[in-house]
Amino acid sequence: MNIFKLFKIALTALTLNVMRSILTMLGIIIGVSAVIIMVSIGAGAQQEVDAQLEAMGGNVLIIFGGWNNRGGGGTAAVATLEDGHANLMLEQVYGVEAATPYVLGKSQLIYGNLNWSADIMGTTNDFFVTKNWDLESGRGFTAAEMNSGEKVVIIGSIIKDELFGASDPIGQSVRVGTFNAMIIGVLKAKGPDTRGDDQDDVAVMPLKTVRTKITGISKSSPNSVSYLEVKGSDTVSMAYVEEEITSLLRQTMKVADDKEDPFRIRDLAETVESRAETQAIFNTLLAAVASVSLVVGGIGIMNIMMVSVTERTREIGLRMAIGAKPDDILNQFLVEAITLCGVGGLIGIGIAFGVTYSMETYFDMVTVINPEIVFISLGFSALIGVFFGYYPALKASRLQPIDALRYE
Amino acid sequence: MGEQTLWALDGIDTIIEPGEFVAVMGPSGSGKSTYMNMIGCLDVVTEGQVYIDGSEVSSFQPDELATIRNEKIGFVFQQFNLLARTTAEENVKLPLLYSQIPESEWSERTLKCLEQVDLGPRADHQPSQLSGGQQQRVAIARALVNDPVMILADEPTGALDTHTTEEIMALFQELNEKGTTIILVTHEPEVAAYAKRQLIFRDGHLVSDELTANRVSLDIDNSSLVSNEQ
Ligand SMILES: Nc1ncnc2c1ncn2[C@@H]1O[C@H](COP(=O)(O)OP(=O)(O)OP(=O)(O)O)[C@@H](O)[C@H]1O
Ligand SMILES: [Mg+2]
Numbered sequence: 001m002n003i004f005k006l007f008k009i010a011l012t013a014l015t016l017n018v019m020r021s022i023l024t025m026l027g028i029i030i031g032v033s034a035v036i037i038m039v040s041i042g043a044g045a046q047q048e049v050d051a052q053l054e055a056m057g058g059n060v061l062i063i064f065g066g067w068n069n070r071g072g073g074g075t076a077a078v079a080t081l082e083d084g085h086a087n088l089m090l091e092q093v094y095g096v097e098a099a100t101p102y103v104l105g106k107s108q109l110i111y112g113n114l115n116w117s118a119d120i121m122g123t124t125n126d127f128f129v130t131k132n133w134d135l136e137s138g139r140g141f142t143a144a145e146m147n148s149g150e151k152v153v154i155i156g157s158i159i160k161d162e163l164f165g166a167s168d169p170i171g172q173s174v175r176v177g178t179f180n181a182m183i184i185g186v187l188k189a190k191g192p193d194t195r196g197d198d199q200d201d202v203a204v205m206p207l208k209t210v211r212t213k214i215t216g217i218s219k220s221s222p223n224s225v226s227y228l229e230v231k232g233s234d235t236v237s238m239a240y241v242e243e244e245i246t247s248l249l250r251q252t253m254k255v256a257d258d259k260e261d262p263f264r265i266r267d268l269a270e271t272v273e274s275r276a277e278t279q280a281i282f283n284t285l286l287a288a289v290a291s292v293s294l295v296v297g298g299i300g301i302m303n304i305m306m307v308s309v310t311e312r313t314r315e316i317g318l319r320m321a322i323g324a325k326p327d328d329i330l331n332q333f334l335v336e337a338i339t340l341c342g343v344g345g346l347i348g349i350g351i352a353f354g355v356t357y358s359m360e361t362y363f364d365m366v367t368v369i370n371p372e373i374v375f376i377s378l379g380f381s382a383l384i385g386v387f388f389g390y391y392p393a394l395k396a397s398r399l400q401p402i403d404a405l406r407y408e
Numbered sequence: 409m410g411e412q413t414l415w416a417l418d419g420i421d422t423i424i425e426p427g428e429f430v431a432v433m434g435p436s437g438s439g440k441s442t443y444m445n446m447i448g449c450l451d452v453v454t455e456g457q458v459y460i461d462g463s464e465v466s467s468f469q470p471d472e473l474a475t476i477r478n479e480k481i482g483f484v485f486q487q488f489n490l491l492a493r494t495t496a497e498e499n500v501k502l503p504l505l506y507s508q509i510p511e512s513e514w515s516e517r518t519l520k521c522l523e524q525v526d527l528g529p530r531a532d533h534q535p536s537q538l539s540g541g542q543q544q545r546v547a548i549a550r551a552l553v554n555d556p557v558m559i560l561a562d563e564p565t566g567a568l569d570t571h572t573t574e575e576i577m578a579l580f581q582e583l584n585e586k587g588t589t590i591i592l593v594t595h596e597p598e599v600a601a602y603a604k605r606q607l608i609f610r611d612g613h614l615v616s617d618e619l620t621a622n623r624v625s626l627d628i629d630n631s632s633l634v635s636n637e638q
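Listed in order, the protein sequences are those of chains Z and F.
Okay, so the first sequence: first residue is 1 according to the working numbering, each after it adds one.
Okay, so the second sequence: first residue is 409 according to the working numbering, each after it adds one.
Cut-off 25 Å, straight-line C-alpha distance, at most; resulting in silico cross-link-like pairs (DMTMM-like, lysine to aspartate or glutamate):
no.	chain 1	residue 1	chain 2	residue 2
1	F	K586	F	E523
2	F	K480	Z	D327
3	Z	K5	F	E497
Calculated from the structure, these hints are not laboratory results.
The shape of chain F in the complex, shown without the other chains:
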């Protein structure tokens, strides 16, 4: 009845530079989420090292990891993970509660991020009063509020329809244009097509690491599809 040892990831060696927009692809169970969780300091590696911004985070204690997550990483989840019965503004403000950022700046930062995701007027709405796409945009604003070096998004469009998916992807592209590093897990090649670089996993191994051919780019203002031949 002994448990079988399974390497969710094996022999992965990747470097992601500031300003990149990476899509992580692969079949179910291939290790995409595991890879993201290692980078995001939500999970710890059994062997090997993870470096973020020059620090070897794989040797950090829980408190230091919490600080790294707070200051350097913004998470976007498939299920949004917003606090229920809590306004969009309060949800976005949440990471500031655990930060060193002075309280006097909180409101301004929160509203700025909400505006960045086009939800300024919805600041006092609760998640139940927002559509899926709007909820995901609140979650993105929350990921942005601490000015992270990178945004990690595990299937951020998994719970959204095609149109809303386009909206969210356009937003990511816009953020990336402004310099935010984005790593995104997805099943769908159409979604991965928005990224600049694509990693493909299979059975815990990295099988492909290439720049996106035929990258799709969306104009955020009218959501019209613009093909961008590279």
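Excised from the complex, chain Z in its bound form:
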């Protein structure tokens, strides 16, 4: 008997009891859809992480100052992070491509009768490299503007939208707190950063301008910066760069050997990745739980197949009486179980697609269904059909025709 005939017999038998067939498949349907949904959420999260890492532009360390070692011998001024450290790192640490100092402030931007409160970032042209940002229009700072602390500003896309709408802001003068600054550039829109803060609501000015005109110069540490960013080249290990920077900074800041670092270094990529790892473990766990429900679904199939064999003993006897060989009976019930699982698997896949689609549309989640997991779960559910269908099928095929026919 060929496989098509078998599937026809199985399908006929299953459609005779549609409701029971669907209930039997429920375990498999839920199992398969749960596995695919879990794995898709995991893959979606991974894709988001990859996108974030990509946006960061690779290996970036952030160095925060201000962890003054209490009770230390040195003065506070020595333990402060300064913009000069950026040049030191660039010159002395192998593998550093760019080092950028930042001074942060906040100010009211006024253009015409519109005003907008924004974060002001004082820095050097290197921020384009370490932050992996691009200009939408205009230009960066010139050396002269940097040196003299010129009143020029590069604005983020949100500020541009809020103050200028569709008109071109380049060359316009905008009031920044107490002074007027000329807009020389507009940044490309970037969307929220890894923590959800908006990166487009920012105005960038030369470091010296911000320090002298917005934050004011601290008497005790005139060169202090809010933080530094260091970008390492792709060929060098960030752990090595971090180590070198640590010893360079300790040396420069004259930190005694028995004292802790007066600064903190954070590897952004590492932070994102470790968060992603936690997420991945969680997702794997959920997928494992979902797989258990697949097995439970398989046991449900076995249970129903056992009932079905008992219930249909007379049918089995009749089929044997009219010429069915033991293998025909075995195959019939096996194919029934496989069909139940296979159809259940297909429905499960359909549900998984539906659920992930609505998660994307209505809950703004990123999910990625990769074809492998679809085929694997379908194959796996067919395998469950074989595994859990075999025993009931074998039991059916071992019946003596006369005993099966006489069964009450």
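Use these hints to put chain F with the ligands onto chain Z, whose structure you have.
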């Protein structure tokens, strides 16, 4: 508490020639069904031999027995044993599924057999939509579909009323006239009277093997009783 050995059949030696119409009679428990099941390869003999069409089937393996049942034997049961929620046509077609007969012939054969039992127009009816007599005729069509050398019927009229019994018996007679060998188990002498030969069992022994005296013959078209003195 040991089980007692009971010989359901003992010392039976019968030959049934092609074209015969045999009724198997006897009281309950006398071994009639056992005898039929041996011939029909549904049960195996503990001792002795069974030959069908020249082959000693008592030495066959389960697969070979299935082939014999499929190709040489058509069964008709007291309880019809039709598949529920399955049309008459699908029920009749069932033995073809397990046969070597090419699929292209299935429909034609099925419909031909349904017509032979006068159920052509009922091909797409399910058993629950048919009367007992009609269901038994579907079962007979199913027994005929593989062109068997013999039809084995264990109390085929046991679940039917007198009128329907006559209908079914007329059908058997007609089939026998056309050359099909028929072996039939029955309690009722009136039913046995349609057969050409009668075997009577008692306690597992064959006590009588005679040709039917006063054989009854029915005209299938108007179901009128015709006495046929032999
Ligand atoms: N599976 C079985 N196990 C044990 N004994 C059995 C079995 N089947 C039949 N028998 C015994 O074999 C004997 C013959 O049984 P069989 O069914 O052939 O009788 P029968 O003539 O068909 O009776 P009835 O007219 O009631 O159908 C009986 O004594 C019965 O109890
Ligand atoms: Mg009996």
